[in-house]
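Chain A is already provided as a structure; the job is to place chains B and C on it using the hints.
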Amino acid sequence: MLIHHPILGPRDAQEFVYLGDASLIDRPDGMTAGVDAFHDYLYNRTNPAGEHQELWYHEQGDRSWLVVTRNTVTHEITKVELARDVARARGRTK
Amino acid sequence: MTQSHRIEGGQIDRSKTLRFTFDGIPYQGHPGDTLASALLANGVRLMGRSFKYHRPRGPLSAGSEEPNALVELRSGGRQEPNTRATVAELYEGLTASSQNRWPSLRFDAMGINDKLSTFFAAGFYYKTFMWPKSFWEKLYEPIIRRAAGLGSVTREEDPDAYDKGFLHCDLLVIGAGPAGLMAALTAGQAGKRVILADEDFRMGGRLNAETFAVGDSQGADWATATVAELASLPNVRLMTRTTVVGAFDHGIYSAVERVSDHLPTPAKGKPRQVLWRIYTGKAILAGGATERPIAFENNDRPGIMLSGALRAYANRWGVKAGERVAVFTNNDDGLRTAIDLQAKGIDVVAVIDSRDGGDLLPGIRHLRGADVIDTSGKLGLTSITVRQGNGRSETIALNALGISGGWNPNVNIHSHHRSRPVYDPTIAAFVPGQDGPPGLLVAGAAAGQMSTHAALKTGRDAAIAAFDLTTVPDLPQAEDAPVKITPLWHVAHGKGRAWIDQQNDVTVKDVQLAKQENFTSVEHLKRYTTLGMATDQGKTGNVIGLAVMAELTGRSIPETGTTIYRPPYTPVALGALAGRSRGREFKPFRLTPSHHWAREQGATFVEVGNWLRTQWVPKPGETEWRQSVDREVLATRKSVGICDVTTLGKIDIQGTDAGAFLDRVYANTFSTLAVGKCRYGLMLREDGIVFDDGTTARMGQNEYVMTTTTANAVTVFRHLEFCRQCLWPEMDVQLISTTEAWAQFSVAGPNARKLLEKIVDQDISDAAFPYMAAGNITVGGLRARLFRISFSGELAYEIAVPTRYGDALLREMLAKGAEYDPIVYGTEALGVMRIEKGHVAGGELNGTSTALNMGLGKMVSKKKDSIGMVLSQREGLTDEDGYRLVGVRPVDPKASLTAGSHFLEKGVAPMAANDGGWLTSKVSSPHLGCDIALGYLKAGDRKIGQRMRIVNLLAGLDTEVEIISPHMFDPEGERLRG
Amino acid sequence: MRYSGFRVIAEALTGHKGWKPVWRDPDPQPDYDYIIIGGGGHGLATAYYLAKEFGQARIAVLEKGYLGGGNVGRNTTIIRSNYLLDGNEPFYEFSLKLWEGLEQDFNYNAMVSQRGIINLIHTDAQRDAATRRGNAMIMHGADARLLTRDEVRQMYPWLNFDNARFPIKGALMQPRGGTVRHDAVAWGYARGADQRGVDLIQNCEVTGMRIENGRILGVETTRGYIGAKKVGVAVAGSSSRVMAHAGMRLPIESHVLQAFVSEGLKPLIDGVMTFGAGHFYVSQSDKGGLVFGGDIDGYNSYAQRGNLPVIEDVAEGGMALMPAIGPVRLLRSWGGIMDMSMDGSPIIDKTHIEGLYFNGGWCYGGFKATPASGWCFAHLLANDRSHETAKAYRFDRFLKGLMIDEKGQGAQPNLH
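Residue numbers (my numbering), protein chains in the order written: chain A, 1 to 94; chain B, 1 to 978; chain C, 1 to 416.
Isolated chain A, as found in the complex (with noise of 0.2 Å):
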């Protein structure tokens, strides 16, 4: 597979880390949410046949994380971020 980076351009996937579902920026915040909140945030996925948000660590790179949208049927790439951009995006902040 062939990941356009968004800084370095396509980079062969081989150089990236997979984590898994881009869901894992939206980490409880651990003073207010309890075991259950957690639980869920850490354990329980949607896991699409299509298109799926996921992170990807470059690694052997730029040590950027990345979403990459990605469909999980055929394999087609069609957008990837900045995963620093898109936790902002979704409001997180320190």
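Check before you lean on any hint, since a few could be wrong.
As the list claims (entries may be wrong) - Computed beta-carbon distance windows for the label pairs:
#1 V73/A / G101/C: 36 to 42 Å
#2 G91/A / W625/B: 55 to 61 Å
#3 N610/B / K79/A: 31 to 37 Å
#4 G50/A / S376/B: 57 to 63 Å
#5 W625/B / R88/A: 51 to 57 Å
#6 D396/C / E559/B: 43 to 49 Å
As the list claims (entries may be wrong) - In silico EDC-like pairs for lysine to aspartate or glutamate, Cα to Cα no more than 16 Å straight-line:
#7 K391/C / D86/C
#8 K400/C / D879/B
#9 K863/B / D29/A
#10 K138/B / D270/C
#11 K938/B / D915/B
#12 K94/A / D732/B
#13 K862/B / D29/A
Said to hold, decoys possible - Which chain A residues stay away from chain C? Per the calculated CB distances, all over 10 Å, these:
#14 T69
#15 T78
#16 G91
Think of the hints as simulated: they come from the structure by calculation, not from any bench. Fair warning: this is a prediction, and the values are worked out from it, not measured in the lab. Backbone N, C-alpha and C fix where the C-beta goes; we use that ideal spot for every residue, glycine too.
Structure of chains B and C alone, referenced to chain A:
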């Protein structure tokens, strides 16, 4: 033997003669020959035996689809099983042997299977060999396993080198027949970066095997000229002997180049094969088509081959497969064979044409509406029986028969993304369907475009379509004969066997039995009968098999469908897929800064991931490793020892939020750490399990240096980047891994400070640099870092200098501190000292243990949010009776312990219900004079002082032990504050 | 009809006219007591044991494609019970015991062959872990041996002992491990279930679930609505897709695992072997092909095909371990969809919807589990409580912190 069957013409170099042997018998051939063409030229038809019935077999084809003529090529570590003689390029001194026969190819004792074939119907083995139960493994299966398989490998190491390469292009053209050449020419002239790959050693594809004209020249000559033109274009790369074997995601294709397989041995410094990973914008599949036979009784004898192969041997290789030849066909292409062979002066005794009516070939006995219904000839064809249209049978003596059942487009690569091919009744074959790999176009016969003109045109059109080209080369004139075929899959006659999958011995009867037993899905058919599972992957047989099933079930061929086409297109040597990653080069070595020094001392090394660490450093006279390790431990605890700890992960963490960041990623608190101090940190995964540990120092207001375990250096850094970028993107914190940047040594023992005082430029007295101090220092003016931390329990420091000075620093410390008799200790002594102190490491940080398990539960602060804090509080992780880290020593000091042994109470049976836990790490402690261990024991914190047993059922050991605190040496920590 | 050597001979002598279809092709009934979704190994075994061992009737298996077309028809055929943890080992040992009597039980030769499995050891830490595991296995009634380097060398002298990057230092062996002819398992269970009246319905894809008041009433399919008192789902890689019909999100990701077979070779490897310093395991089939595999590709996928890096990685492991196989050719690769769970262990449990039961999360180890999975799922369906050996396989173990994490990798499915 002379080349009795060599005729005029062909693309072989008759000026040179090559000698080779088959089953020890010497023969001669010419450059340009394959092993099969050369053997046929010498009148050898018998080349192999089939898998199940051990039927005598000769080549069916002249290409990579070959199911029958499989040989063992070369010998020793280079011995290559199952090599298709039809693609093995002849070289001087080639040696080949027949396989799957005993004692000889002509007389094969296992041929008895053929006589007993009625007992070996499809799937018979699923219905028997069940009684008595023990006989399957003791009797039946060993016999089956001995008989199974085809060729053999020696057990010697493969001496050849393999390599890998990466190529990038605008267009990959797969196949260099008329379509592929035209596609490459079109794109190449337009300036595109083109790779043209062909599995053959000569480009031209089918043009080499035909007598057609292209433009003003013979097709083969046009191909040669076009190849020359392409070769003159700097943007075109021509790759012969290169098979594109797989289509992967996003325009990535794999190809195998057989660099040296046409040579006796690879040239010096050259690989045998190269696996190419080709990244391309567009690709054109121009892989041609494969002819298929027709099933009829005894259609598998040596001398029976595909009609197009018969023609190829005559036209390309100047070989006649027999003196008297017939052709059995259901389509016009078979007629070409008869015409070409007759033109070559070969006696074409008949053309058996299953189609009724139509024109007759002039000058040839052309039987319309006729079928071949049987053949004879034990080791090679001697006659065929023909049923004529009027029902009369006739036996014709001959020694070669060409069969044409039509041509199947080579859709494989197009279907590697699971696209299903679609049936085209006009050519009675499957053509590429929808949803092929994005960017892959298909041209020529692979697309069902069977004429030479159509191949040239669709090749050019595909290149135009790929790049929206406007300037394109002219199309040369070429034949444009339509496909005229009336499908005939098998000749329904008689009770004998009619082969579909020749290698696996799957016959029409087997398909009938599968139908009878309701294995009617095409996948069930394949799996039950083994149709298409041989080394040829059913290239000639699959479509016939499914067509026969379609007939039997009354379904149409499209309804019946095909099985999935999967990579590789043709089988690939595992050596090529592995490339250079083998032997000692399987993974890179990571060497520590002290490696060369240690090697000079004769040290023993140990693999820690890819690192090679010093395990111990023997002194003269030490014969047992224990002597060295004990000495290293005692010397360290007595005076001073030095250990290379560079492999620990080191991460610089900087920014105004660095402290807050560390509070989030560590279970304990770091924002309160004073500048110039360090602290032990415990890092959890989000699921509350301990991830890693290490010390982190605050080097400045906004600067920390984290250390991780060797094992987790990479994963911790990755995790921190995740936290920084994905969870808290607005935090002002930057990370950089400095594991490779700093050489770091632990200097431990009562004289550690005295030694270091001779090295460093600063005051490191206890007052100036107390326990857990950290700071930037200099060593003879060189920037360095010093941490007063201890893994060994001694007064200890870790000193770091830029990596390239590591070796010098070690030598300097040993020289300047000579009066303290410093020693260098390895990982074994390190392990002894840390276990004496009860520090956790690899055995305890096992990915399933909590802080509570390790006796570090209080370190998890609930006053702040940190990774893993919430989920660490789940009931399953906070069980009062759960595992706790304990120390263990045998009651009998002479008794030995083994890590991995389990705890049992006294007097209970060794059953899972009584399992108390296990020993995680064990060493022999020279200070305590016995084996000691750490272990996880259920409710272990309440069992300190008790006696239990340690059992190792694998070794029959059962040892009484005392459960003690894990802090077994200097529990008050007086030494490290000294 | 009963299969035997005598029957094979008698049929051979009479032209094989008497062989009967191994299963019927019934049309679906309007309703059943039990519907099993998924006609792979686990679903078929569940139906077989429901009928045979638990005395249940009115059972249907719904399969969207062909019987045995899931992972049971696409795996590396290994059976073993060399697990470490209390939650797993009793279950897998139960499964191995069922394998040992399976062929006589369902009268079909699935070629259960216990030629032994060895897990090679390359480091002291691996030896410690193997010791812990071997002891745990024995305590659970399984068999285990720790082999020295020399013992391994006697078995396979041609492995890379002398020029290895990660030298072989020994092995953990389970002599009762081995291989089974995978397709035959599906067919044997299918035939046995069919003979006991189970309706095996192929080309019948479940497209929805009818759920009212927290209770399942039946399923919508491509062949119409079918009612059921109880519905059991055993669809492996499609678990999330099917359970989405019930509005459930699972602790599962679907990943592709590739596997490989070489051209047929004369006997080279007797048992099963796993490399401990890379991703590679191998056995040799009765037909002669080396059957081997390695790690999953590592990204979510339903594509049933993989990519090149893993193919190369597996071959590298193979060559590092067996330097003689350079000339041996890879014949075929394939990709299957694995239901990778969050701790690497499966789930056999009720759901919060009454009458809906789930069996999945087998990761890439489901084949060896087939008999016990079927038995335990049938037990759960028939009795509404877990079988003794499967009681740890609950949904709520993640909520409660009772993960069964053999590899110690935590909540990241692609690492299990």
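Evaluated hints:
1. V73/A / G101/C: 36 to 42 Å: holds (40 Å)
2. G91/A / W625/B: 55 to 61 Å: holds (58 Å)
3. N610/B / K79/A: 31 to 37 Å: holds (35 Å)
4. G50/A / S376/B: 57 to 63 Å: holds (59 Å)
5. W625/B / R88/A: 51 to 57 Å: holds (55 Å)
6. D396/C / E559/B: 43 to 49 Å: Roughly 46 Å apart at Cβ, these two residues keep to the hinted range, so it holds.
7. K391/C / D86/C: Cα-Cα ~11 Å, so holds.
8. K400/C / D879/B: With a Cα-Cα distance of about 11 Å, the restraint between K400/C and D879/B holds, given a limit of 16 Å.
9. K863/B / D29/A: It holds: about 13 Å lies between the C-alpha atoms, which stays within 16 Å.
10. K138/B / D270/C: OK: K138/B and D270/C at ~13 Å, within 16 Å.
11. K938/B / D915/B: Measuring from Cα to Cα gives roughly 9 Å; hence the hint holds.
12. K94/A / D732/B: holds (9 Å)
13. K862/B / D29/A: Answer holds: K862/B to D29/A is near 13 Å, not above 16 Å.
14. T69: holds (12 Å)
15. T78: holds (15 Å)
16. G91: holds (22 Å)
The earlier numbered hints are all upheld by this structure, with none contradicted.
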